[in-house]
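In order, the protein sequences belong to chains E and C.
Position 52 of the first sequence, counted from 1, bears residue number 52 in this note's numbering, the numbering being contiguous throughout.
Position 86 of the second sequence, counted from 1, bears residue number 1086 in this note's numbering, the numbering being contiguous throughout.
Please keep in mind that the hints were generated in silico from the structure rather than gathered at the bench.
The beta carbon of each residue, even a glycine, is placed where N, CA and C say it ideally should be.
All clues stand as given, with none of them false.
Some chain C residues judged to face chain E by a derived CB distance under 7 Å, without partners named:
id, residue
1, P1043
2, F1045
3, Y1048
4, S1095
5, V1102
6, D1109
So, partial list: chain E residues that the calculated Cβ filter (under 10 Å) puts toward chain C:
id, residue
7, V4
8, Q6
9, K9
10, Q38
11, W94
12, G95
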Amino acid sequence: AQRVTQPEKLLSVFKGAPVELKCNYSYSGSPELFWYVQYSRQRLQLLLRHISRESIKGFTADLNKGETSFHLKKPFAQEEDSAMYYCALSGNSWGKLQFGAGTQVVVTP
Amino acid sequence: DTGVSQNPRHKITKRGQNVTFRCDPISEHNRLYWYRQTLGQGPEFLTYFQNEAQLEKSRLLSDRFSAERPKGSFSTLEIQRTEQGDSAMYLCASSLYGTGGVQPQHFGDGTRLSIL
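The shape of chain E in the complex, shown without the other chains (with noise of 0.2 Å):
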């Protein structure tokens, strides 16, 4: 069965310290990775998407097949990254996401 654990339900980090929010998996295939980012009063929009090897807002994230791992990280965090971050998963071509808890992230001046 596929499954998307975020072990860390709250992180809090200082303002220009480096943030690493922890994703894995367990899939039988190829599975597509994702993260979402929900922040306060607003919808839940995308991230990233690891078929895209970009970096959005200073984040990046690296997937690890060998360890099923789709870790997200920022060298140096800001005030406005706190928010709920969610890793996703999709198995299939339809694109049906299974999420996992979510990561809250607080970061303190």
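Following the hints, position chain C against chain E.
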């Protein structure tokens, strides 16, 4: 385009009543998804439409739930004989069918259902 629109934003009803939610996707998007989110959890997939065809339903979607997407435009999600456990945020998302991998989904603000 204001993005995905969901109505109502909040719905409070008594147990046993029927409720219906509406989702208006981004106009050119032919794929539409419904998810349910409870406190402390990520969204859980409920059902998927490609144009007007409902192609997948989760086992979470009991017989009391029904979804439609007539003419492949807006969609409705109806819950009959609501139960306490139906209290949740119901999210709608849409995307465009395309090549180059799974296309990003655009989410609405959701409808928060509270069962008294």
